[in-house]
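These protein sequence lines are chains F and L, in that order. The working numbering runs 25 ahead of the 1-based position in the first sequence. The working numbering runs 49 ahead of the 1-based position in the second sequence.
Possibly wrong hints are sitting among the right ones.
Once the Cα atoms are required to be at most 20 Å apart in a straight line, the calculated EDC-like pairs of lysine to aspartate or glutamate come out as [as the list claims (entries may be wrong)]:
1. Lys-138(F) <-> Asp-210(L)
2. Lys-174(L) <-> Glu-114(F)
3. Lys-114(L) <-> Glu-134(L)
4. Lys-114(L) <-> Glu-130(L)
5. Lys-175(F) <-> Glu-213(L)
6. Lys-138(F) <-> Glu-213(L)
7. Lys-100(F) <-> Glu-114(F)
Calculated directly from the structure, the hints in this document are not laboratory data.
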Amino acid sequence: MFGKIISFISVWAIPFLLFIVPLLAIKNKVKVYESFIDGAKGGFDVAVKIIPYLVAILVAIGMFRASGAMDIFVKLISPVTDFIGMPAETLPAALMRPLSGSGTLGLATELMKEHGPDSFAGRLVSTFFGSTETTFYVIAVYFGAVGIKKTRHAIPAGLIGDLAGLLAALFICKIVFVS
Amino acid sequence: MLNYIWFALIIIALIVGAINGKIEDVTKAAFEYAGIAVEIAIGLIGIMALWLGIMNIAQEAGMVKVLARAIKPISKRLFPEIPPEHPAMGAMILNIAANWLGLSNAATPLGLKAMEELQKLNEEKDTASNAMATFLALNTASITLIPATIIAVRTTLGSADPAEIIGTTIFASGCACIVAVTATKLLQRLPIFRIEKTVTESADKESINDSKKGEGK
Chain F
26 MFGKIISFIS VWAIPFLLFI VPLLAIKNKV KVYESFIDGA KGGFDVAVKI
76 IPYLVAILVA IGMFRASGAM DIFVKLISPV TDFIGMPAET LPAALMRPLS
126 GSGTLGLATE LMKEHGPDSF AGRLVSTFFG STETTFYVIA VYFGAVGIKK
176 TRHAIPAGLI GDLAGLLAAL FICKIVFVS
Chain L
50 MLNYIWFALI IIALIVGAIN GKIEDVTKAA FEYAGIAVEI AIGLIGIMAL
100 WLGIMNIAQE AGMVKVLARA IKPISKRLFP EIPPEHPAMG AMILNIAANW
150 LGLSNAATPL GLKAMEELQK LNEEKDTASN AMATFLALNT ASITLIPATI
200 IAVRTTLGSA DPAEIIGTTI FASGCACIVA VTATKLLQRL PIFRIEKTVT
250 ESADKESIND SKKGEGK
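Just chain L, same shape as in the assembly:
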């Protein structure tokens, strides 16, 4: 999927850019965004370390497990493949809570921690598992309780009631979330989205060894 979208974005950009006489802007943007990508990643290091540290304390103190047990009735349905008391569950709950509260500095590190835990349970290491896709849907279509950024913009632009869009945002984001999660549950059964199992057993072992080597580096 990403192969086609990525290719399409670049080809369309180059063709349309050439026609519009903006080819220099397109080239400039390529270099500029490559830099921005690294800046974003480097900027993550500090907060990532902070939250992974706090998460580790919470895990060793047994708190993540308690939290995971508390929402077992919901998590069992959303993530039937994940054992309810697996560390993945605790990290996912904290990520979702941070997202809903608009704490993006905490949400991303916790979300990445959850992905790492989900990857431990994933059999095909280069392929998204059903649980990962569902978790991603909860993130890409996350419920927003306080749209802080846009309220700030509206305030600067002199809105009579900058916060009036809170209610409509909660409604719209709630719909988006329910639809996205339902979509993952339906789409995961379609043949084109089936997990491609590695063909032979020896190849299987090889890929596991490779991924272990990769982690060791």
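The shape of chain F in the complex, shown without the other chains:
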């Protein structure tokens, strides 16, 4: 039921916005077409401005992925994940989560193919895939768009959030799916 309500809102939110915004604007005597053009002009600039930031981040992450360095990190961290009862096979996807959305989705899909989407590991990766965004991508794009180079505490805070999402996913999946 809850799921249905949310997906209904998701489907209708944009059509509703595209309807209500011009309607209220016309009512307030805004020249909607000219106003749209004025705003839309900025689209190109923003997109072009983020290119160097995105290239920097994605190239570094792409190289890291291709080198196989992730396996080393998995080995280093696996004692900790064993201790908290996190299935070892979910660790690569968890480490990939803040770096690459498509990479994580690939790993999650592979895992579910092998262990089944309804296995504990399958449910766990499904949960933490949706629980946070790709931190480094968001930081590159958002800060890149306004030319911020000193990111201060944004990255540590984002990564702390990722870790919290992972632990919360493990905690709730154990409660909901194990007993």
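Since the structure of chain F is already known, use the hints to place chain L on it.
The following block gives chain L in isolation, referenced to the frame of chain F:
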């Protein structure tokens, strides 16, 4: 921060790639991802223009202000430095709403619009302000109400109940969001994350002029 992480990613990739005999793959990945980055950015142009256009109409009609006024009690606490009726607030609310609903095509353009507005209030133009970091936390650890992508994957793989992870995802993303926002509020006070003020007044003016020139181009 990004300096060290970026450097570490590249150096680790090169060393481990050399040891693993995958150095050619690493080089290939570098070029491939440089291309992907541009594709992503170019792909943004259209939807960016669409949403910036709609946002401009909403702003001129005074709707963004109404929206911002409605959530003033929350926004005052999350973003004490931002005037409650500043356009930044309206854009941030719409971005967060789009994120929660999983409308990523709308969320990014609205988020970038919000960043532009936040940058207008930012004194050190190359440094993230407290409000920006908090806003980023709301984005990197956004609440997910419908994890549409993973539900689709689970369906294809023959799950008995593909949507069963909605509840757990809402819980986990809610925790991530609260923790990330709290973390920005605590970390922003630490000395290592303090904003480095430009030293002398003349240098200050120069940097402002530079940034203006940059915008004019």
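Open item on the list: When the structure is checked against the list of hints, which entries are broken? Sort them ascending.
Closed with: 2, 5
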